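Visitor: Here are the chains, one letter per residue:
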Amino acid sequence: MSRASVARGIATAAALAAAVSCGGAAGAGDALHLAIINDPILNAVIAPDIGSILVNKIVFPGLVRPNESLEPEPDLAERWEVSDDGTVYTFHLRPGVVWHDGAPFTARDVAFTFDRIADSTTGTLLWSDFAPIDSVRTPDSLTVEFFLEAPYAPFLTLLGHNAGIIPAHAFPPGASLRDQVAFNRSRPIGTGPYRVSESVPGSYLVLTANERYHGAQPSIPTIVVKIVPDVNAQVAQLRAGELDLITLEPALLPGVEDDPDLRIEQVGVPQHYYVGFNQDLPRFEPAAVRRALMLAVDRQAIIDGVLKGHADYPQGTIPIVLRAYYAADLPRIPHDTAAALALLAEAGWRRSADGKLRDQAGDPFRFSMMIDKGNPSREQAALAVQQDLARIGIEVTLQTLEFSALVRDYLLPRNYEAVLVWWNTPLDPDQYSYYATDQANNDYGYSNPAADSLLLAGRRAVDPEARAAAYRAFQAVEAEDPPVLVLYYPRELQVHRARLSGIPRLGIRDALRHVERFRLESR
Amino acid sequence: MRARAAPGLVGLALLLAFAFLGPLMHRTSPTTLDLANPTAAPSTEHPLGTDEAGRDVLARLMHGGRVSLVVGVLAGLVALVVGLAVGGLASARAAWVRTVSSRLLDAAMAVPAFFVLLVILTLFGTGPVTLIAAVGATAWMGIARLVRVEALSLREREFVSAASALGAGPLRRFVRHLVPNLLPTLTVAATLGVAQAVLTESALSFLGLGIQPPRASWGNMLTGAQVSLARAPWLAVLPGICIVATVLACNAVGESVRRRSSPVRE
Amino acid sequence: MAGALRVLLRRGLQAVVVVWLVTTATFVLVHAAPGGPSVLADPKLGATERAALERELGLDQPIPIQYVRWQGALLRGDLGRSFLYQTPTLSTVLDRLPNTLLLVGPALLLAIAIALPLGVATGRRPGGTLDRLVTAVNFTSLAIPAFWVGIVLILLVAARWRLLPAGGMVTPGAGGSLVDRIRHLVLPVVVLALPLTAELLRFVRNGVMAEAVAGHLAPARARGLAEGHLLRHHVLRNALLPLLTALGLQMPILVGGAAVTETVFSWPGMGRLGIEAALGRDYPLVLAITLVVAATVVTVNLLLDLLYAWADPRVAVES
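Quick mapping for you: the protein sequence lines, in order, are chains A, B and C.
Counting along the first sequence from 1, when you hit position 103 you're at 1098 in the working numbering, and nothing is skipped either side.
Counting along the second sequence from 1, when you hit position 229 you're at 423 in the working numbering, and nothing is skipped either side.
Counting along the third sequence from 1, when you hit position 163 you're at 991 in the working numbering, and nothing is skipped either side.
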């Protein structure tokens, strides 16, 4: 659920790349070079940022991983059962799995991992994902039972998201995870298809295929993960043949489109970009006003013009990539200025002679909208929103801030009028903590009793059909009473050299859970 | 030494006129998006075409010029004033004043200015006022040091010893005797300072800490243009030319003033 | 001799005070700013996690107490742990320092090697063809943003012609041969040296020219001293003085230039680390980098002052 970590921003979360080693490791044949934007912390439990998360996806598998239908498939767990009431999950671990250092992988490691996750003082970012876990038991060395406080439908998906399993034997009892500098920075021990064999701070990591990997043997012997903080530098290195694969913002596409040796893939990802309105302010409290604002913004123009078509038109807050839950049958909410003005008039806002929208007291409808700096797509989307709202007499001033300042000083204390931000979620529709009344991540003050009960029903539903029904109903509620103004569902642009194949059609984060399938034609 | 300053001055005047008078003739908004019309070729409506988001390039160049020039000149001025003051104090006759301000200067010199600039801007935001203050506040050390070194060196020579023998006070000595002798150095430093500030803004823009879009500056236009360098190189070339022209003009003015006031004339 | 030693000791002590001043000022600056470290700004962090993290990082304490703790740790040689990387900051910084020196050193040498002879030559014959040419090139290279030169070089030399690598310090996994390292070094060194050379050249040329027109040479020449002697004893000394001044001025600027160059070329140096630390508001790392850089620059300045006194006896070392 991380809104991709922070200051580095998701803009640069277009951060993964791969490349061809020009020199060629001695006798190792061609290597696949991946690039991230910062030195990673090689520990799945305390990984703080996108760079770390990407490498950890390779090094630290979880109990399950998402397949191309976005459903959990076995990874470290061979199979599992869920109790009828949805509160007990029993995992049967794959036998014979060994850690990179040769030690056997057992239920104790799983219990240790979730014990650390449950301790918020470790500095883990996974705590709230797994807060519903009541206890973890290990009846034998290959069985793990999770007892949940209440049914928690996203549980399996979350296990396959960022919850990589770390080895109990590598950490002295009682020691802080953060103190394990050697493990965290250069010599992590995982169970993944590759192990870290060399780490040069600020420069690169070399990952070597793990011959004892529990799944299919990796096809590529070596992966080099380069640290390339500047996105334009990533593009240049890709073009120079020093990188094989990067993910890009649409704004950067012109830099790669003319290279015949590059392939561009579009993959739907579970993200929604939106304008959030502070509903503590009376102005944004009426549902009619928020729906009117949605009608007033020409979202198709933003998708075509700003994102060059590489995004999907939004319905509600549940992105289209979650096909099983997306309410495709609901009528599309169009760009309709007249309808917007009519709704605003009902709410008491009328256009005065000067064209400005004013309430009965004559006060104009104006607000300031904050955006994080440094991302051209969001910046231009914000300008487009500003222009569209100016057309119906609403004056929007833009305020550009560093992302961490925006979140910490304005969003979280709810000290803002409007913000343009986004959520980057696991492959699950659970949005209870974002849009249910008074929940931890509901930074907008949105409150709708029907939405609350549907979101809770969706979170607790054991039956998949019932779950889907709850979320479809939630989207119908959202259409009338939008919690936020969703602008678009972006697609991830993966640009790779033609000789690289075998990448599953998943966002890069999830695709890396299947990195052993990647293939590299030798040159 | 006839009209050597002319090219630089004319250049600066042209750039200023372009930035400040230009928008009066070309009244297109620099921030209005025309999403259906990106990277368009020049037309009567957009004399220099449009950028990636369909914004008018000419208008952005003009408004960006205002921002870049104002930031450059004001930041350069801040640096000059602070540098002169600290440098003057650091070469004062009173030992304790000299020591304290010299240590202050040493401390400031020891800090990598650009790094402090980054810290200030990330911590305190990137508004134009912060930017001017921060760029100025991190660029005065060179000037102060020059002033100190030159002043110390000059004082050892005859000018000032004679003046102090005649009983002139420290401030009077500084203003009447040292400053005129420092003028060549100061002019070079000041014009360089303005040029440097314009360049600094562009480097900051590259790191995302300069003037923030949607407000245009030459620096952020240049940075933004690297995306489409292959397809629309003019988007980079135009602001680039403006930056280079500004720096060249400033340096030319400084250079000619330096020559003009140097003791021996051609 | 003892006097000189005492002066040196005194200046050393002053240098320590300067470094302490710098770090304290940075501490105040960092903590006076609104907001907090970016690791705390993840919107997904719940109140529980955020509070726990603040406690873990020691940020829940009042600032004066944080300062005292930090000073205490500093005396023990402990500069704390980076928020971003979870590593001891001092070793993190010192790991990167050699990489930056590897970049700055050659750039400095290249710049001096070009600036000194060209500066002397042009300063002695101002207005000549060489002078006009060099001045023109000089002015232009001072006027172009260095990061832009880097970007264009990467696009042409690395991406289009594939002559040199686009970034990094070595080809990963290739064993880091000398040739490979030099290939990686060429573009960033050129970019870093370009404005530096121009700046040094300008100072040297002006210094030589000022002394020449000040009329010290004519009498010497009239006394029949050989040109070689003149060059060594008058011109070179007059060129060194401004060169030293310019070097002193350029040191901190060079660190900034290195930061930008390192970012453009994905160079794992200290400058880039500094940018990451500043952007991530990684207080301990920001403070450690400031400390290391300040100590380096102070030392260099001290050396320059001594050299200065040697080069221009008119400026006595303050005692």
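Keep in mind that the hints were calculated from the coordinates and are not lab data.
Only a predicted model underlies this, so the values are computations on that prediction, with no experimental measurement involved.
Treat the hints with care, since some could be wrong.
To be clear about the criterion: a stretch of chain B counts as covered by chain C if any three or more of its residues have a C-beta under 8 Å from a C-beta of chain C, and this derived list gives those stretches [claimed, not checked]:
(1) 202 to 212
(2) 215 to 226
(3) 302 to 312
(4) 315 to 327
(5) 333 to 346
To spell it out: a stretch of chain C is covered by chain A in this simulated footprint if at least three of its residues, at any positions, have a beta carbon under 8 Å from a beta carbon of chain A; those stretches are [said to hold, decoys possible]:
(6) 889 to 896
(7) 953 to 965
(8) 1011 to 1025
(9) 1090 to 1100
(10) 1121 to 1130
Quick reminder that beta carbons are idealized off the backbone N, C-alpha and C, glycines included.
Visitor: Could you run down the list of hints and mark each one as holding or not?
Guide: Status of each hint after checking the structure:
1. Only when three residues or more bring their CB closer than 8 Å to a CB of chain C does the claim for the segment 202 to 212 of chain B stand; here the count is 0, and the claim is violated.
2. Evaluation of the coverage hint for the segment 215 to 226 of chain B: breached, as 0 residues show C-beta separations to chain C shorter than 8 Å, against a requirement of three.
3. Using a Cβ-Cβ cut-off of 8 Å, 10 residues of the segment 302 to 312 of chain B lie near chain C, which meets the minimum of three, so the contact claim holds.
4. Proximity of the segment 315 to 327 of chain B to chain C, defined as three or more residues with a beta carbon under 8 Å from a beta carbon of that chain, is established by the 3 residues found.
5. Coverage of the segment 333 to 346 of chain B by chain C holds in this model, with 6 residues showing a Cβ closer than 8 Å to a Cβ of that chain against a need of three.
6. Residues of the segment 889 to 896 of chain C lying with their CB closer than 8 Å to a CB of chain A number 0, which falls below the three-residue condition for coverage.
7. Taking a C-beta to C-beta cut-off of 8 Å, the segment 953 to 965 of chain C contributes 0 residues in contact with chain A, too few for the three needed, and the coverage statement is violated.
8. Counting residues of the segment 1011 to 1025 of chain C whose CB lies closer than 8 Å to any CB of chain A gives 0, which falls below the minimum of 3, so the coverage claim is violated.
9. A stretch counts as covered by a chain when three or more of its residues have a beta carbon under 8 Å from one of that chain; for the segment 1090 to 1100 of chain C and chain A the count is 7, and the coverage holds.
10. Counting residues of the segment 1121 to 1130 of chain C whose beta carbon lies closer than 8 Å to any beta carbon of chain A gives 0, which falls below the threshold of three, so the coverage claim is violated.
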